[in-house]
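Asker: Just so we're aligned, residue 355 is where the sequence shown starts under the working numbering, counting upward by one.
Do not rely on the hints blindly, as some may be mistaken.
[As the list claims (entries may be wrong)] Label pairs and their calculated CB-CB ranges:
no., residue 1, residue 2, range
1, A473, P372, 22 to 28 angstroms
2, L381, R480, 20 to 26 angstroms
3, I402, G430, 25 to 31 angstroms
4, L462, G430, 17 to 23 angstroms
5, G430, R395, 36 to 42 angstroms
No lab work stands behind these hints, which were simulated from the structure alone. All C-beta atoms, glycine included, are put in the ideal place defined by N, C-alpha and C.
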Amino acid sequence: MSARRPILGRSLKPFRRPWLWTGLWMLAIAVVVIGSLLPARDLPLVGISDKLEHGAAYALLAAGAVQLFQRRASWGMVCVMLVFLGIGLEYLQGTMGLGRMADRADALANTIGVLIGLASAFTPLRDLLLRIDRRL
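Please model the complete structure; the sequences and the hints are all you need to start from.
Answerer: In structure tokens form, the structure reads like this:
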């Protein structure tokens, strides 16, 4: 009887510290969710366009997925889920009554950010986190 690899994590790159990198990525997702659902009065003024903030946040999340996962199918699935997350959070902003409103342009900025992050898969930076992990 051969030993089978567990299904969970099969798609991760061969990190020495997979739980660290996956945990940091999940923490980043949690920060985006919490930041998206905070009341408007509790948000800090950053001084740049909120569309740029949305795009940058989702680009970093998608690029993080490219850094973590080795399979293209995993990148695609995560990116689709991030797009749905962005749409869902916009919907919640409009329905929760916390001084925020749903904005289709924000959802579009999120989606464009996801595509930009996914594009990092086609650059030499695709395995940057793996190289960092091996040096630590």
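Asker: Look at each hint and say if it fits the structure.
Answerer: Hint check:
As the Cβ distance of A473 to P372 is approximately 24 angstroms, the hint placing it in 22 to 28 angstroms holds. Between L381 and R480, the C-beta spacing of about 22 angstroms keeps the proposed range 20 to 26 angstroms intact. For I402 and G430, the hinted distance range of 25 to 31 angstroms is satisfied, since their beta carbons lie about 29 angstroms from each other. About 19 angstroms separates the C-beta atoms of L462 and G430, a value consistent with the hinted range of 17 to 23 angstroms.
Distance hint check for G430 and R395: the Cβ-Cβ separation is about 38 angstroms, which falls inside the suggested range of 36 to 42 angstroms.
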